[in-house]
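**Q** Per mature numbering (1 follows the signal peptide of the UniProt record, and there is no 0), the sequence shown runs over residues -20 to -1, 1 to 137.
Be careful, since some hints might not be right.
To be verified - Beta-carbon label-pair distances, calculated as ranges:
hint: 1; residue 1: F128; residue 2: Y9; range: 19 to 29 Å
hint: 2; residue 1: T27; residue 2: G126; range: 49 to 59 Å
hint: 3; residue 1: R55; residue 2: T92; range: 21 to 31 Å
hint: 4; residue 1: T15; residue 2: L121; range: 56 to 66 Å
hint: 5; residue 1: L120; residue 2: K44; range: 54 to 64 Å
hint: 6; residue 1: F128; residue 2: G75; range: 56 to 66 Å
hint: 7; residue 1: G86; residue 2: C112; range: 47 to 57 Å
hint: 8; residue 1: V123; residue 2: R58; range: 46 to 56 Å
hint: 9; residue 1: K132; residue 2: T21; range: 53 to 63 Å
In short, the hints are calculated from the structure, not lab data.
Where a beta carbon is used, it is the ideal one built from N, C-alpha and C, also for glycine.
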Amino acid sequence: MMRLYIFVLAIFSAVVSTKAEEPPVSSIYPRDYVTHGVGNTLICHVTGFYPPALTVEWTKNNKKVTEGMALSQFRPNRDGSYNVFSTLSFTPEQGDIYTCTVRHQGLQQPLTREWDADSEVTVPSIGPSVFCGVGLTVGLLGVAVGTFFLVKGNNCN
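Please put together the full structure from these sequences, using the hints given.
**A** Structure follows, in structure tokens:
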């Protein structure tokens, strides 16, 4: 009986301790809508990696950035891998290119994602204004027609 217990314990500990290295997957995106000259935060989300040890580096126009950078705690995923967020406070300007580079022992070479400040600049849209204007016009027209029929109906009696 003792041999069976030791055998099961040995197999269990071997399975738990030999989790294979899993390389990370990353994505980069801004926290808020982007407007040139307005402060924002870039987020580099790194997920699906094991073991929970990696480095994240930021660059702006091919120059390393360290100021305004933060790294969250490693958080476990349901599959046993981990995820982490790295953030960079920045003010986007025309032509700026930011990169998030992840180094992990499961990667043969660093994983780099690029974000172009010009690709996501929010252009003011007239769509909401037109929609509100049309809605207000239809609403007022409905009130006018309703009032007309209400007054006309009272005059017939």
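**Q** Of all the hints given earlier, name the ones this structure violates by number, lowest first.
**A** Per hint list: 1 and 4 violated.
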